[in-house]
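Asker: As a plain string of letters, each chain reads:
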Amino acid sequence: MSDFEPKVVAFVCNWCTYAGADLTGTSRIKYSSNVKIIRFPCTGRIDFMLLLKAFANGADGIIVSGCHPNDCHYTSGNFHAKRRWIIFRELMDFMGIDMKRITFSWVSAAEGAKWAEVVNNTVMRIRELGPYKSYRDMVNAKVEEEVRNE
Amino acid sequence: MNNNIYKPYLMEIEHIVEETPDVRTFRLKFTAPGDAEKFSFKAGQFGEYSVMGEGESTFCVASSPTRKDYIECTFRKAGRVTNALANLEVGDTVGFRGPYGNTFPIEQWEGKNLLYIAGGIALPPMRCVIWNTIDLREKYGDITIIYGARSVTDLVYKHELKEWSERPDVKLITTVDPGGQTPDWKGEIGFVPTILEKAAPSSENTVAILCGPPVMIKFTMPILNKLGFRDKDIYTTLENRMKCGFGKCGRCNVGKIFVCKDGPVFTYEQIRSLPEEY
Amino acid sequence: METTIKSLRKQSLEKLYNHLASSQKIYAPIVTSDKQVEFRYNPEFRDVTFEHIRSTLSVKNVVFPKIENLFYFTNTKEESIIKDIDLNIIPEVVLWGVHPCDSAAFDILRSIFCWDIKDEFFSKRLEKITVITLSCHKSDEFCFCTSVNLSPDSVKGSDIQLSLLQNGDYQAEILTEKGNELVSQVPDLFEQPSGEKKVIAGVKNKFDNKKVTSNLSGVFEHPFWIRNSLRCIGCGACAFVCPVCACFDIQDETKGKDGRRYRCWDSCGFSLFTLHTSGHNPRQIQSQRWRQRIMHKFSYMPDRNNALGCVGCGRCSSSCPVDMNLAEQLEALQNI
Amino acid sequence: MNSLVNRAKMLLEEKSVNVVIGYEAGTGGTARPAFISESADAEKLIYNEHCVHNLAVYLSKQEVRKMGKIGIVAALPVMRSILMLIAEHQVDPENIVIMGISHDGSLLDIENIQVMKDYISKSDPGNPERYKDKLAELNKLSMEERFEYWQKELSKCIKCYACRQACPMCYCTRCAVEVNQPQWISVKSDISGNMEWHILRAMHLAGRCISCGECGRACPVGIDCHLLTMHLSDQVYKYFRVYAGLSEKMSSVLSTYEPNDKENFII
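Chains as they are written, first to last, in numbering that gives the first Met the number 0: chain A, 0 to 149; chain B, 0 to 277; chain C, 0 to 335; chain D, 0 to 266.
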């Protein structure tokens, strides 16, 4: 799997982690370029279905990151998100979707180094896990009678 | 290859007219050679207009069959497909499947007077038959058009309304709902039913074509009957949710008739015989 | 072509099945772990059941699949291209162990899909199937084929009809060219008829469908519809398990600049089925949708397609979460 | 049993309710929901082990709401669903008369919400016994095996939405699958379209499902989709110490929070 370049999608909140990622860049800290960052107003706005759509469209790993508790620009967005991820992880685990491929983290606007570390660790772990082929095979599986242009 | 009845013609947008902030008219040209010649339709028929990836939407062909090698359609930005259509520019591709449905029987109307009554966004299905009869003007008696909208900005086909009003052989009465007029508005002010009552066209040897929102139809019908119009002389178009357009997907029926195959054009006699399901 | 009667020993059934399964796709019923009867492609002969009364889903998905890709398209800024699907890659399928009610459904589906304009997808799939039916030697309280002009051993829509005989062998009625061609592949399995009597289930006639159809034209506003549909929860189970329900939805799906338009099952039981973009819905409440389902099958279709829209298989009633028993309601409509 | 019939007859004759929602005999010895509006029809009301439908699903139907005051036969799951519906402001407690039924089928005397809550508190709020071993069995499988299991199960789904329509908590006038701008959940019923739907349904019922098992029973193709919502009701209790349908003042689990919610995976 040496030539496998993992695709990692990062759903980040605009006020903390996005600013943290900005700081990582301005302080010239290197982190792997496999991550594609998508900015959200708050982690509270990150819908769980987005993660599934990311896996379906080719992501091998996902990072969800936002403000530390009590730092949220909207005071309670990250608390709601925390509850949602607690339940969502249990449901995904119950259905057999690989939660090792998703990293949940708090990265504040000042933690440029931590953001680089989160990204590098995640990309390294996904590189070991390999492409998320089983999920994409499930997405492309066709109904028995369906006729497709192969 | 077999003919795939679900496959649309690919049409290119040649010209866009912004009738009102949320109503737009497209002029569509066939792109594939040979399609334009093969294609023919009659006044009153509709089609399924599609944006690839968004879906299909049902509205009538607004241009007259007498105008060759292009068709026009007018739609309001309301749902997923119409919003996608509204974002297209000149030169983009629109799918068109059709023509479907039955037609206005303009041959039977020859020699008769025509009274067109339209409300709001219902003028497009009528514009097609209005232009068709105006292009064959000598075959018909006098043509009266009564068209009302909520406000001046909501009037569609403004330039054509001007053209019709300037024609000596067409009597045009435009009106806006009370409060919808602008200072320099010269037309009537009032709801279509009251304006119709004031104009009081004679029902002698006259066919009425009535299209508009259900509330307008509810108040216009009694006046038409009072003026002497029999139900079988009043034509309208019915609209229902549609997907296929050729009588298979099972959703557009009102009682036992399919609006897509036995309609959309009906006489009021037929409408009265339908169950309350439209 | 006129029917020829042959008989098949019990043991040669397996040889016939394995011959067919080796050369092409065969769709046969098995009993799953949670006691459901499901049709599968090329199961082992030992798993194939001959004792089922009805499968959970009908076999209409072979001719009207859950998803039918209509065409593919590619959207770029400059132009859009439409790519048709080559329908010749649809495989030949032998349907095995289909009961007479399901095989009679194919003709009714044809009266919808080929009415006025021919639907190529459906007719190509219909050409590719060969139907080996198994007449019913068991029935239950949900069956009412005899009330819709059918019977446990009717041969409509069947190419070869197998019927259990009293001595355990099977009678084979060869009904069509397709059936004949199939028999000619393994002629030695089919022997002369043994004169044994067929074992056929009894199915009580529950209503006179002619009377129901005539009553239906005058009861549109009758309170019967509201009173008898209050418990209906408005799901699509009855429409999707029904071998004759053919209403469909057309949807688009894209991935990047490529995409497809496909047709999938839809049900008149859903409010979305007739909802206008303006928010107006001609069928606002469930009783109007339940009325549409019965009117379509027992009044509109006899009138337009001169075919009853029901084969009396009883799936809609046995699958209904709240026991909307169709035969019981039609019986009430008959005496309304 | 006649105490239920007499109670219904009395309620209807006194006009204290306009309709009684209960159970009547169905095809082949089963039972089915029944709407009794005439006191003469009260004899049809029965209660036996086949009466499993969650009648609370009818309380949010527009035609039933227009019927005015409603009497509803309620075994334990129905009572908990009614409490959940009151907590989510879908049912006005003044508008319903609860005809409680105990496990052995005898009529309970439930005059108000408080009495009902006390009766409910005496029972185990967790998942019913008969589902626990299947849940445990699934939890023992490996991740890949569970993914295989659910793909096989959900490939049977035909998107008839009986699971949604049978659930009293699924009362949205326009469900997320019926919104097409954007078409968030794909309409087609292949495995991915079904997976998206069942995940969305389970997440939207987390902390609201009272484990009555009706969604699994209503599924015509026998998918045990009730295991998804039941698994989540276990998890909601494990993390937030809350069970659905125990009080009429309960706030929804996923739209509220506690600052000290415990978790071990956010770095």
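The set of hints was computed from the structure by calculation and includes no laboratory data.
Bear in mind that the values here come from a model prediction, so they are computed numbers and not experimental data.
A hint or two may mislead.
[As the list claims (entries may be wrong)] From the structure, some residues in chain C lie toward chain A, with a derived Cβ separation under 10 angstroms:
(1) LYS14
(2) LYS34
(3) VAL36
(4) TYR40
(5) PHE44
(6) PHE49
(7) VAL61
(8) PRO64
(9) GLU67
(10) ASN68
(11) ASP83
(12) GLY255
(13) LYS256
(14) ARG259
The beta-carbon is built from N, C-alpha and C at its ideal position, and this holds for glycine as well.
Asker: So, for every hint listed, does it hold in this structure?
Answerer: Now for the hints, and whether the structure bears them out:
no. : hint   : result
1   : LYS14  : violated (26 angstroms)
2   : LYS34  : violated (22 angstroms)
3   : VAL36  : violated (17 angstroms)
4   : TYR40  : holds (6 angstroms)
5   : PHE44  : violated (20 angstroms)
6   : PHE49  : violated (23 angstroms)
7   : VAL61  : holds (6 angstroms)
8   : PRO64  : holds (4 angstroms)
9   : GLU67  : holds (7 angstroms)
10  : ASN68  : holds (6 angstroms)
11  : ASP83  : holds (8 angstroms)
12  : GLY255 : holds (9 angstroms)
13  : LYS256 : violated (13 angstroms)
14  : ARG259 : holds (8 angstroms)
Checked against the numbered hints above, the structure breaks hints 1, 2, 3, 5, 6 and 13 and satisfies the rest.
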